[in-house]
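Protein chains: 2
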Amino acid sequence: MYESVIQDLIDELGRLPGIGPKSAQRIAFHLLDADPEDVKRFAQTLVDAKTKVLFCSVCGNVTVDTTCRICADPRRDDTVLCVVEESKDVIAIERTREFRGRYHVLGGAISPIAGIGPDQLRIKELLGRLQDGMVTEVIIATDPNLEGEATATYLMRMLVPIGLKVTKLASGLPVGGDLEYADEVTLGRAFEGRTAVG
Amino acid sequence: MYESVIQDLIDELGRLPGIGPKSAQRIAFHLLDADPEDVKRFAQTLVDAKTKVLFCSVCGNVTVDTTCRICADPRRDDTVLCVVEESKDVIAIERTREFRGRYHVLGGAISPIAGIGPDQLRIKELLGRLQDGMVTEVIIATDPNLEGEATATYLMRMLVPIGLKVTKLASGLPVGGDLEYADEVTLGRAFEGRTAVG
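Chains A and B, in that order, give the protein sequences. Quick note on numbering: the working numbering labels position 15 of the first sequence as 15, and the sequence is numbered without any gaps. The working numbering runs 198 ahead of the 1-based position in the second sequence.
Among the clues, some could well be false.
[Unchecked claim] Within a straight-line C-alpha distance of at most 30 Å, the following computed BS3-like cross-link-like pairs (lysine-lysine) qualify:
no. : chain 1 : residue 1 : chain 2 : residue 2
1   : A       : K168      : B       : K220
2   : A       : K168      : A       : K88
3   : B       : K363      : A       : K22
4   : B       : K250      : A       : K40
5   : B       : K366      : A       : K52
6   : A       : K40       : B       : K286
7   : A       : K52       : B       : K250
8   : B       : K220      : B       : K238
9   : A       : K88       : B       : K220
10  : B       : K238      : A       : K40
11  : A       : K124      : B       : K286
12  : B       : K286      : A       : K88
13  : B       : K322      : B       : K220
14  : A       : K52       : A       : K88
15  : A       : K40       : B       : K366
16  : A       : K124      : A       : K168
17  : B       : K366      : A       : K22
18  : B       : K220      : A       : K52
19  : A       : K22       : B       : K220
20  : A       : K40       : B       : K220
[Said to hold, decoys possible] Label pairs and their in silico Cβ distance ranges:
no. : chain 1 : residue 1 : chain 2 : residue 2 : range
21  : A       : T195      : B       : F389      : 29 to 35 Å
22  : B       : D276      : A       : D35       : 44 to 50 Å
23  : A       : A92       : B       : G326      : 53 to 59 Å
24  : A       : A92       : B       : K322      : 50 to 56 Å
25  : B       : G216      : A       : D35       : 18 to 24 Å
Note that these hints are calculated values from the structure, not bench results. Think of the CB as a built atom: it goes at the ideal place given N, C-alpha and C, for glycine as much as any other residue.
Produce the complete structure using the sequences and hints provided.
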């Protein structure tokens, strides 16, 4: 229906996660109407990000240097290591200002359906980082979903025998939500993990 | 929080219509993980589309030539002109295969809030196309919302005195929907526009 350059643009946009065909069309026409300089800058930003962004050689987080800002920061606590799936999880945890240790980014979660097993994740690198005995606690902060839980279980089985303190983030009611809207699994977990207040 | 090249990418993506901050972050990390060749091709597609796509000198539709495919097609009916807001409306109508006339793309709708008045739309060009008396019917196919209706009213007041047949697309129940889920305005319009069946 469309001229091929327009269809190509719609197709490329439609390949992005969470963008359906209607949104892709809407964004394409927005870009066709936009200032040519804005579109050029957007295209350049894409190429720049892809060229400049590397993965930290220590933790696997995104970085523009060989090691990321957190690994390079001497003030962080070397005895606690928090294991997450993705770089964006690092940012989410940093925003809480609750954690001053180091991170390890796995690069995903175990998912047999997507063909991702432990070998596709940065687990060997994690074990390597634990060898010098500096780390005394590993906090597993994978996503609270099927793949994240499977990954957490795998990591626990591997790390507990080493004699490390292994902890997991608490499951429970999201703060600011309504109890009645919590799903039954979350509510169940909130009961299991209830804490004494008096 | 992020390295500036990553933040720039998230910001650029967040400027696209319908992309919130969370989606922008998700898409950015998807692109950082993607094959560099794929990202380069995406950036090139953006620049290509923006460089090659023009607006038809006759109807205002998107095109890669001076006149669009529809205006250039000698088999279309020159006596009926369908007025739409955007190029994507042309595609939507073409998909129905119900219309064999010509189009006129206004480039938007009257919206005092967005500062768009009749002068910002291609209405002068529309009147120019009607001067040779070839067109006998103008079908107004603006969006069935506030701005679209305002634009339709403006066009009707301008075109009816010229002595043209002016029609508007029917409002009513969307086909395939449930009557109970139709909003009251749509249902009211469906009553107003009811047709005799026997």
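- Task: Could you check the structure against the hints above and give me the numbers of any it violates, in ascending order?
- Result: Structure breaks hints 3, 5, 11, 12, 13, 15, 21 and 22.
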